[in-house]
Amino acid sequence: MLGSVRGPVIKIEGLGVRYGNFWAVRDASVTLEPGVIHAIIGENGAGKSTLLKAAAGFVPIVTGNVRVEGDANASTIGMVHQHFMLVSAFTALENLVLGAEPTQSFGRLDLARARTRANELMKQSGLSVNLDATTRDMAVGERQRLEILRVLFRGARAVLLDEPTAVLSPIEAEELYATLARLAKEGATIAVVTHHLDEVIRFAHHVTVMRRGRTVASRSIDRTQSAALEDELTRAIMGGEPPAPTKAPSLPDKPSEALTIDNLVLVDGSGKRVLDGVRLSVKAGEIVGVAGIEGNGQRELGRAVAGLEPNVTGTIALGGKPFEPVRSMDDMRARRRALAVVHEDRHADGLMLQASVGDNLVLGELGELSSTMDEKNAVVRRIDHFGIFPADAERAAGSLSGGNQQKIVMARALDRIEASAARAAVVLGQPTRGVDVGAAAVIHRAIVSAAERGLGVLVISADLGELKRLSHRIVVLSGGRIVAELPPDSPDDVIGRAMLGMEAA
Amino acid sequence: MKSAHDIRAALPIVLAIAGGVLLFDLMAFGFGQAPASALRMAFDGTWGTAYGIGQVLFKATPLLFTGLAFEVALRAGLFNIGAEGQLALASLVGAVVASKLPPSLPAVVALPIVLCVAAATGAAVAFVPAILRVRRGVHEIITAIMVNRIVDAILPWALATVLGSTSLRTADIAPGAALPRLERVFPALTGSAASFAFPLAVVSVFVVIELLRRSRVGREIRWVGLRAEACRAEGIAVEQRLLLAMLLSGAVAALAVSSTALGYKGYYELGLGAGAGWSGIAVAMLGRGSAMGIVLAAVFLGTLEQAGLAVNARVPKEAMDVLEAALIVLVAVATRAAAKEEAANKRDDEPFEEKPARAAATEEVAR
Chain W
1 MLGSVRGPVI KIEGLGVRYG NFWAVRDASV TLEPGVIHAI IGENGAGKST
51 LLKAAAGFVP IVTGNVRVEG DANASTIGMV HQHFMLVSAF TALENLVLGA
101 EPTQSFGRLD LARARTRANE LMKQSGLSVN LDATTRDMAV GERQRLEILR
151 VLFRGARAVL LDEPTAVLSP IEAEELYATL ARLAKEGATI AVVTHHLDEV
201 IRFAHHVTVM RRGRTVASRS IDRTQSAALE DELTRAIMGG EPPAPTKAPS
251 LPDKPSEALT IDNLVLVDGS GKRVLDGVRL SVKAGEIVGV AGIEGNGQRE
301 LGRAVAGLEP NVTGTIALGG KPFEPVRSMD DMRARRRALA VVHEDRHADG
351 LMLQASVGDN LVLGELGELS STMDEKNAVV RRIDHFGIFP ADAERAAGSL
401 SGGNQQKIVM ARALDRIEAS AARAAVVLGQ PTRGVDVGAA AVIHRAIVSA
451 AERGLGVLVI SADLGELKRL SHRIVVLSGG RIVAELPPDS PDDVIGRAML
501 GMEAA
Chain P
1 MKSAHDIRAA LPIVLAIAGG VLLFDLMAFG FGQAPASALR MAFDGTWGTA
51 YGIGQVLFKA TPLLFTGLAF EVALRAGLFN IGAEGQLALA SLVGAVVASK
101 LPPSLPAVVA LPIVLCVAAA TGAAVAFVPA ILRVRRGVHE IITAIMVNRI
151 VDAILPWALA TVLGSTSLRT ADIAPGAALP RLERVFPALT GSAASFAFPL
201 AVVSVFVVIE LLRRSRVGRE IRWVGLRAEA CRAEGIAVEQ RLLLAMLLSG
251 AVAALAVSST ALGYKGYYEL GLGAGAGWSG IAVAMLGRGS AMGIVLAAVF
301 LGTLEQAGLA VNARVPKEAM DVLEAALIVL VAVATRAAAK EEAANKRDDE
351 PFEEKPARAA ATEEVAR
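Top to bottom, those sequences are chains W and P. Count the first sequence with the numbering used here and you get residues 1 to 505, in order. Count the second sequence with the numbering used here and you get residues 1 to 367, in order.
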């Protein structure tokens, strides 16, 4: 099934793809050769995902063409989407064979044969998953491996991945690239869309930069000149000078307490202590980073502080004032006056994708904005400050790119809390997940300016680089506990060990 | 450019109606009637004469209320399929109260009293599925079906025993509680049962849809329907909004009593207005959320009902029921097709599809 069949050469020439009246891709030309990892980078909405989808035949092509040259029986192109396309109630094996099920007579499912083939494939590709695990219980990294296996299972020799590392921890990302490199070495055609320049420089062999629907640069990667390359790529992505890196602001002399959490415990439905006595404090004007591997209590920490977990025990104080557990809407409102939270899963807890950008920007504030004029001003201000693109309050939020959706939830939280007299702290879950360099810079500046204005900022992020740049202190969350507190200039491997729950220095 | 798109979007609807006419012809032919003359008869009984128009409006009136009722709940993400029971009990209670009012009471006092009592009754019936959904997470469809059955059982029993009526009807309502017929101002409509309940219904549709669109409560109800979790995270009282939407839905459904007991019969009898609750679902679905859409859908269904009565002598009513159901399906398919066409024209930018895993999986399979 894998063998040494070389993957196809995918030649994309003068490609144009249109959604309605909007040209997602205007003029893109790139050749994807087998045997190397090909990275495609660019800002949100630059047309990277669409390019992949067109290459894989998911979207109709308006102009130009995609030519797939190669062995006829190895020309299948598989795509791993940004959002996993797995049935969460199925086992890994069931998902693996879904749509390409081996059958016995009368169409009975032949899972035994499927298992043999799956095991063979796992051995060949070096990707391993527990075939009997229910998909919803699988970790993100494992689900991703399953997606790739699924593509290979169908005999694809070209694998296109749309932002595969957006949801992975650094260690998982490294493993993924090792796998991809192995597949490439065996002759597969691999293309990866990503936002992380460092990944491109460390792992890719060839890179194509897209900007506003066009391919603006394409070159092979010379790892000996990584600094110059990074600079050049950033310039190509932004179409101009890269933004100055943001730094944590200096701390005030005698900072007051902004957010104090003590002995926070949350037990989930299956009896697992997802938060196991979390204790941390953030001073006014301070940015504290929370590092950790996905699924170690990050999401629950954000939700508990926001007052969305009714069963949480422990104390939470904002601005030095202890807050009661949320029992009523009044408790909730009182907490919201002191605190703004951006939840890490913006699609589940943050956005109404079918509602307009304007509605999303004032969600929850209709009782606080006194008139429609106030509301309009707030919407315009938030779109403007955060450079939400397109700057159209009427457009459905779901039609915006991921980075701009993220700007919506950030703009709503930060702008609202700044206007509140009782403001104390903000908690930001994965503030720049799936966000391009330009949008990330906007968001980072906003985070720093929130701290400068005296808010305590807790940033929960899977992006270590981001935490190291922004934070005054980094705490590490592992197994629902804070296991280490480290200065932001700690080396990656020290933080990494703490993230894995090993004893830190 | 734009008008070309509009025409393309309207095409499925035109085709659906053409298909309906064809189906009607076939049916009439099947029952041994000349299709053209049966069609002529159906037209004369509906839009061909002033009386027919009045009857269409009369038939459309309760559907406007129940269609609006379903729409209100739907916006909050709830399926209020209990309109049938809400309307029935509200009709009984409203008619009983109306019959107890002193005959001398002027309409400006009597009508609001009766309508408020009916609306409150409808809301109370809707409260049962609403509170069970909000507090206990019981699906409102199941509870609403059961509440419908309970109301079905209570009505004849209450009429026969508590109210002591042998003919399963209430006493006549006080004159002040009756809604005048439209023929009073439009003499051409003489003989038809259309009453001022029709303009009341149309105004209600536009007012309520506008409130949903612009008022704080209305917008929050819609937002909760779009993503309750995000609303909860941003401090919106999700449960309260759900409850409110369901109560409002029940109250609006109950107002359909204005066109039946108050505007037409002058009393409530068992079965009066039955079926309107169900047809309301079709109205809301065909209306696709706009006030104009709901009005058009209600008039469309009203036309079908009236056409069925008009040709009853030649084509059995059951055949017309079949036609009505088939036409609703046709129009539903057509409006979906039209909506798709519109969406394709509107869609911009990189789509970030949020597909449920299963839909995505089936798509994968289809490939």
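Bear in mind the hints are in silico, worked out from the structure with no lab data behind them. Note that beta-carbon positions come from the ideal geometry of N, C-alpha and C, so glycine has one too. Mixed in with the good hints, there may be bad ones.
Here are some of the chain P residues that sit facing chain W, going by a computed Cβ distance under 10 angstroms [to be verified]: (1) 136; (2) 139; (3) 210; (4) 223; (5) 226; (6) 231; (7) 332; (8) 336.
Taking the hints in turn, this is what the structure says about them:
1. 136: Violated: closest Cβ of chain W sits about 16 angstroms from residue 136(P), beyond 10 angstroms.
2. 139: Status violated, d = 19 angstroms.
3. 210: With a minimum Cβ separation of about 14 angstroms from chain W (threshold 10 angstroms), the hint on residue 210(P) is violated.
4. 223: Holds, because the Cβ-Cβ distance from residue 223(P) to chain W comes to roughly 6 angstroms (cut-off 10 angstroms).
5. 226: 4 angstroms, holds
6. 231: With a closest approach of 7 angstroms, the residue 231(P) hint holds.
7. 332: Constraint on residue 332(P) not satisfied, violated at 20 angstroms.
8. 336: 17 angstroms, violated
Going through the hint list in order, the structure does not satisfy hints 1, 2, 3, 7 and 8.
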